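Asks: Residue numbers (the numbering used here), protein chains in the order written: chain Z, 153 to 551; chain W, 153 to 551; chain R, 153 to 551.
If you're looking for bench data, these hints aren't it; they were derived computationally from the structure.
Accuracy of the hints is not assured; some may be wrong.
Note that identical chains are pooled: a pair holds if it fits in a single copy or bridges any two copies.
As the list claims (entries may be wrong) - List time: in silico DSSO-like cross-link candidates among lysine-lysine, alpha-carbon distance up to 27 Å:
1) Lys222 with Lys262
2) Lys485 with Lys222
3) Lys332 with Lys262
4) Lys496 with Lys222
5) Lys496 with Lys485
6) Lys332 with Lys485
7) Lys385 with Lys332
8) Lys385 with Lys222
Predicted model only: the values in this text are computed from it and were never measured.
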Amino acid sequence: MTSDAALPYDRAATGFRNYWYPALGEREVGRHPRRMILLGEPIAFVRRGAKVYAVQDECPHRGARMSLGKDEFPGTDTLACRFHGWTFDLRNGACVAALTDGPDSPVVGKVRIRTFPTEQRKGIVWVWMGRGAPVPLEEDVPYLLLRDDAMVKYRRRVVYGNWRYHAEGSGGGHFQMLHKDSLALLMVELFAANQGADPYWGQEGPDGEYLIERVGPPVLRGDFPGLGEWPPKRPWRLFRPNMEQALPDPKRFRHGVETITAMRLPGYLRVRNFPLPDAIYFEWYTAIDADHYQYFQASCHWPRNPLQWAWINALYHLWARPVRKGRFNDQDKAMVRDGTDRAKRSGLHAPTPLYRPDSFPLAFREMCNRYARGEGLEDAERQGRGGPVELRLVEAGEG
Amino acid sequence: MTSDAALPYDRAATGFRNYWYPALGEREVGRHPRRMILLGEPIAFVRRGAKVYAVQDECPHRGARMSLGKDEFPGTDTLACRFHGWTFDLRNGACVAALTDGPDSPVVGKVRIRTFPTEQRKGIVWVWMGRGAPVPLEEDVPYLLLRDDAMVKYRRRVVYGNWRYHAEGSGGGHFQMLHKDSLALLMVELFAANQGADPYWGQEGPDGEYLIERVGPPVLRGDFPGLGEWPPKRPWRLFRPNMEQALPDPKRFRHGVETITAMRLPGYLRVRNFPLPDAIYFEWYTAIDADHYQYFQASCHWPRNPLQWAWINALYHLWARPVRKGRFNDQDKAMVRDGTDRAKRSGLHAPTPLYRPDSFPLAFREMCNRYARGEGLEDAERQGRGGPVELRLVEAGEG
Amino acid sequence: MTSDAALPYDRAATGFRNYWYPALGEREVGRHPRRMILLGEPIAFVRRGAKVYAVQDECPHRGARMSLGKDEFPGTDTLACRFHGWTFDLRNGACVAALTDGPDSPVVGKVRIRTFPTEQRKGIVWVWMGRGAPVPLEEDVPYLLLRDDAMVKYRRRVVYGNWRYHAEGSGGGHFQMLHKDSLALLMVELFAANQGADPYWGQEGPDGEYLIERVGPPVLRGDFPGLGEWPPKRPWRLFRPNMEQALPDPKRFRHGVETITAMRLPGYLRVRNFPLPDAIYFEWYTAIDADHYQYFQASCHWPRNPLQWAWINALYHLWARPVRKGRFNDQDKAMVRDGTDRAKRSGLHAPTPLYRPDSFPLAFREMCNRYARGEGLEDAERQGRGGPVELRLVEAGEG
Chain Z
153 MTSDAALPYD RAATGFRNYW YPALGEREVG RHPRRMILLG EPIAFVRRGA KVYAVQDECP
213 HRGARMSLGK DEFPGTDTLA CRFHGWTFDL RNGACVAALT DGPDSPVVGK VRIRTFPTEQ
273 RKGIVWVWMG RGAPVPLEED VPYLLLRDDA MVKYRRRVVY GNWRYHAEGS GGGHFQMLHK
333 DSLALLMVEL FAANQGADPY WGQEGPDGEY LIERVGPPVL RGDFPGLGEW PPKRPWRLFR
393 PNMEQALPDP KRFRHGVETI TAMRLPGYLR VRNFPLPDAI YFEWYTAIDA DHYQYFQASC
453 HWPRNPLQWA WINALYHLWA RPVRKGRFND QDKAMVRDGT DRAKRSGLHA PTPLYRPDSF
513 PLAFREMCNR YARGEGLEDA ERQGRGGPVE LRLVEAGEG
Chain W
153 MTSDAALPYD RAATGFRNYW YPALGEREVG RHPRRMILLG EPIAFVRRGA KVYAVQDECP
213 HRGARMSLGK DEFPGTDTLA CRFHGWTFDL RNGACVAALT DGPDSPVVGK VRIRTFPTEQ
273 RKGIVWVWMG RGAPVPLEED VPYLLLRDDA MVKYRRRVVY GNWRYHAEGS GGGHFQMLHK
333 DSLALLMVEL FAANQGADPY WGQEGPDGEY LIERVGPPVL RGDFPGLGEW PPKRPWRLFR
393 PNMEQALPDP KRFRHGVETI TAMRLPGYLR VRNFPLPDAI YFEWYTAIDA DHYQYFQASC
453 HWPRNPLQWA WINALYHLWA RPVRKGRFND QDKAMVRDGT DRAKRSGLHA PTPLYRPDSF
513 PLAFREMCNR YARGEGLEDA ERQGRGGPVE LRLVEAGEG
Chain R
153 MTSDAALPYD RAATGFRNYW YPALGEREVG RHPRRMILLG EPIAFVRRGA KVYAVQDECP
213 HRGARMSLGK DEFPGTDTLA CRFHGWTFDL RNGACVAALT DGPDSPVVGK VRIRTFPTEQ
273 RKGIVWVWMG RGAPVPLEED VPYLLLRDDA MVKYRRRVVY GNWRYHAEGS GGGHFQMLHK
333 DSLALLMVEL FAANQGADPY WGQEGPDGEY LIERVGPPVL RGDFPGLGEW PPKRPWRLFR
393 PNMEQALPDP KRFRHGVETI TAMRLPGYLR VRNFPLPDAI YFEWYTAIDA DHYQYFQASC
453 HWPRNPLQWA WINALYHLWA RPVRKGRFND QDKAMVRDGT DRAKRSGLHA PTPLYRPDSF
513 PLAFREMCNR YARGEGLEDA ERQGRGGPVE LRLVEAGEG
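If we strip away everything but chain Z, and leave its shape as in the complex, we get (with noise of 0.2 Å):
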């Protein structure tokens, strides 16, 4: 391991401890534990009445899986491992029974399970992926998908590839090629170029501080030498791009947000106006292991009425979670996919040649190994590794 691969990007193929992740839906937690993987760390999720619990799903005694295991003493918050009966108290992961041994069993009190701290909020399961006591829950989740009067719709689903290479190529210019064939997009004018500033660290109404993605307004066709005009002109694209950022337009800001897209730590995008107008959405790309990550959808509405209730949950299942949430957000699977095997053929720090928006993964790459929580590097020291390293700026009049 070279010292490059020391800095906290670099270490992160199965993403950032200490940071609270979307593991799943409240409804899908029952009696019976579930299994997942987060982080590389298989956990079993399991509901005692109100309460869902979080442990490790691998019996300390021989290591069978606790989503295996039994609510043998109904009405207490316990588990039992399915092989021997070992008994497990949910809230602290102390051992209270072998059953097998008999109540006399030595083992009672002397053993303990990891327990993950978990909280419920908005019909979403939240677990703290640290060792240590967890930080308040709202110092990682959006204020905005907290707020009380938000109506929140998730999706989760697993896909191959490393979670970064979808963190860092959510910004960054793809918007107007990957996507736009996108059925999603079907009657949007598309434009060619979007020139903006550079990324910035900074906040943006309530919702805390973001990496910010500062775009300017969108070139709508460009001429390209020796090609032509780009993209091309489509009678049934009526709509102009929601590209109006930098318009002095009051209209623009959604709940205090202005921007389009902006990214935060351990690794989540916030996108103003999508999957509906007057929507803030949010993804998180969880690992699970190096090659395969959780993508977690979740957008927040703000239904004013019953009626307008009804009109977006109408909306929404017809029309932006398959359309939008789905087919759309699939169309990046495969660059992950792309970027992940090439990181495998030739290597995490593979020199490659980069483009102006190429700002955006840049400063994401920044932000991880600058202020990544727990990584243990002081930011003098950092600064003075020199950062990404890997990434070469294509230079005018270079070959």
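Since the structure of chain Z is already known, use the hints to place chains W and R on it.
Replies: For chains W and R alone, kept in the frame of chain Z given last:
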């Protein structure tokens, strides 16, 4: 490899050489060879007349599978490789022709393929997996199974996991937890614990020496502090568990066997009164590779007249085979998988807490380290190395 | 890596660079790119007008597959990456636009993608898999196949195994054993052996130099001591084998070719009178990776009039393609698999006994080591290293 790793148990990821193993049924082998992998060795089984032969499933010439070979000279005990016709005498492995080189090929008599000694007993083909001359079959195959009056029924399948986790987990207290909801035990009253003495190496009746798991009378219900009584009483569980071993009752002996479970090298289990009353049951866990094994189940029955013969056959095929040898024993498979996967994640010697019934797996490891045939360590030397140090018994007062 | 491993044959697990290979059919390539992997290199094939281009299937920017790219400027010979619109000139690989960065992107002219020279001949796309300028196509592609009057039929598929085991196993005595029960030879009389002289490097007719397998007249039946006569005589095998090579009969020449099998670098086989009489057949084993190859079969036919054209086409599609190029040649696949798997188990250089017909695979290895283009060793130096030492000829008197 550490010095611990040099102990026979640690080295036996693909099983112990120098033993007889059951491979498959006599009726499963015909004139066309059949490929199996046992203890990491590809083997071709083939019938010539009444005799079943086993040879290495790899032609010495170019590596083609002998199980693709042809019976080019019917009436002789030979097998010709499909690729170039090198023909081997199945009795001793000598190359007796290289067909595509003509009758005068200089290869004849110069090349040999490895053969494995076989015997056919009770409808099963047994194979000697050692390098030298085999020991008498009777040293490794149970006396009760070989008895003339025994009717033997076998079943075999391939299971994921390392064979050692099935072998050592077959005793030691899992019965009343893992299998408690099995259909096979639907009407049997459950019990909590079965605090036995330590297992011992000894002999009962005529079936030779085994590692015997001694159990006391079961504790039918336990009162677990802070949790309640367990297991719960169910009105449909009408029959007492079959645990009368310690009672002074001569009826408890079956063919000289009193103990419920006992085990012998190279790794097979004997169970009394399973899968039917009055039967004796054996199961072998024969490594295929480090992650798979052949689960070979054989039960012995003693019908005394044709009517009983018909009744046992009916019970066997309607109940004992599908429900007891099938669904019941399949419940162990997930436990073997989990133990295997934990060893892959954490290493064979990751520290693990133990409890009193683990005296059985500890004794199994001790038996492997002390008694495995041909493993080359003197008992005295093994003693000095301290046995299976990776297992840690939980002591009172430990946190 | 030992010094033996430095020989060209040993290093060629993914084939020999610096040769022309057949990739796929012209009609298989359209305006949307098609991905293939050849010699370990992912390649995107794409058509622009009449010309088929091949470029590295990995955008230099972020590694996205170019085979997902788009034809954004119809009428130009360009391909745009699907991720961010980096657009490359297919003729030379130059980056001519970075669409999402606008027409003034500094990347233009600074970045290049690797291109592979291609030629289209006889309906097949040929690709040069070297780094430098290609040699003339005619040096690597058979003269008989390129002839104007040849009608060429091809078939290709992916096979498991290392290409070298198919190449070297294609000669050397397997024919009369492996294929003897093939439907393709149903009515052909079998023969025992074909004791030929050693293969030699030479030229027949106008088709250039090959490694030629010289065979004598076949021994139709052999009397094998202690075994009997072989092969058995069957009344329905009416035709003599097509082995008249050594007879003084001018009819045995087909288009100047007398010998039945011959081989040339980078590893393709020529067969006379296959899969139809009067045809010449070639097959390439083009490595995909160390464990897979593309099996590319091309046969050349010379119909002299439209009626014969129709007859050959009918025979080809009803008989020669499915039975001879298909089932017959598929019999070799298991042998290639077994050779590959043995090398994985035992190493490329595990000692192996050989027999007389192995002079062909030995000569093939020698040809690779002496003549492989651009492999960088002088002949003299190779001589000193002693050739393929891992092969051991069985000597009389050896046990």
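Asks: Since the copies are identical, ignore which copy is meant and state whether Lys496 and Lys222 lie within 27 Å (CA to CA) inside a copy, between copies, both or neither.
Replies: The answer is between: 25 Å across copies meets 27 Å, while 41 Å in one copy does not.
Asks: Cα distance capped at 27 Å. Does Lys222 pair with Lys262 within a copy, between copies, both, or neither?
Replies: Cα proximity of Lys222 and Lys262: one copy only (21 Å, versus 63 Å across).
Asks: How would you label the pair Lys385, Lys222 (within, between, both, or neither) given a Cα cut-off of 27 Å?
Replies: Close across copies (17 Å), not inside one copy (62 Å); limit 27 Å.
Asks: Could you place Lys332 and Lys485 in one of the four classes (within, between, both, neither) given a Cα distance threshold of 27 Å?
Replies: Classified as within; 15 Å inside a copy, 45 Å across copies.
Asks: Since the copies are identical, ignore which copy is meant and state whether Lys496 and Lys485 lie within 27 Å (CA to CA) inside a copy, between copies, both or neither.
Replies: Close inside one copy (17 Å), not across copies (30 Å); limit 27 Å.
Asks: Treating 27 Å as the Cα threshold, decide for Lys332 and Lys262: within, between, both or neither.
Replies: between (60 Å within a copy, 26 Å between copies)
Asks: Between Lys485 and Lys222, at a C-alpha cutoff of 27 Å, which is it: within one copy, between copies, both, or neither?
Replies: Intra 37 Å, inter 17 Å, cutoff 27 Å: inter-copy only.
Asks: State whether the alpha carbon distance between Lys385 and Lys332 is at most 27 Å within one copy, between copies, both, or neither.
Replies: Within. Shortest intra-copy distance 12 Å satisfies the 27 Å Cα cut-off; inter-copy 65 Å does not.
Hint compliance for this structure: no hint is broken.
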